[in-house]
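Q: Sequence:
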Amino acid sequence: MSSTSTPELTPEPPPEPATEPTPEAQSETGGAPEPDPVAKVDSATELDVDPATHRFECRSCGFVYDPAEGVRKLAIEPGTPFVELDPIAFRCPVCRSRVGAFKDIGPRNKPSGFEENLNFGLGVNRLTPGQKNVLIFGGFALAFAFFLSLYSLR
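Going by our numbering, the first residue of the sequence shown is number 1, and it counts up by one from there.
Misleading hints may appear alongside valid ones.
BS3-like cross-link-like pairs, simulated, lysine-lysine; straight-line CA separation at most 30 angstroms [said to hold, decoys possible]:
#, residue 1, residue 2
1, Lys-73, Lys-103
2, Lys-132, Lys-103
3, Lys-73, Lys-132
4, Lys-110, Lys-73
5, Lys-132, Lys-110
Keep in mind the hints are simulated off the structure, nothing from the lab.
Let the hints inform the model, and build the full structure from the sequences given.
A: Here's what the structure looks like:
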């Protein structure tokens, strides 16, 4: 027999199943169960998990490569992630910069701006760029329609 002994491994107890709060606990907290803070973090970072959906912006000219659109000019099919592009052959279609000139700007549906500023601005800072465009240009169209309606007054 060898002189070294192996430590005995004790099995870990199984994790306790998640239980629903009792009616007494719900009445103490105001009738509603408290939301799980971990679930909120998971849903917020879920968008950032898949880098294949991230857009990349050329720092030289501002061209944005969106994998959902591809680049028709360079025969890059929609759905091709930026990381799958050939780093030697791919060039920016606008300024001909190499792959190193591109920076990751995140997924399309991510709100723009700094994370610490997203809670300010009456909720407008949480809007995606597309939603902000609809809000701005929709407001312009509504104001223009109101202006034209003034001609109907006598």
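Q: Of the numbered hints stated previously, which ones are contradicted by the structure, given in increasing order?
A: none
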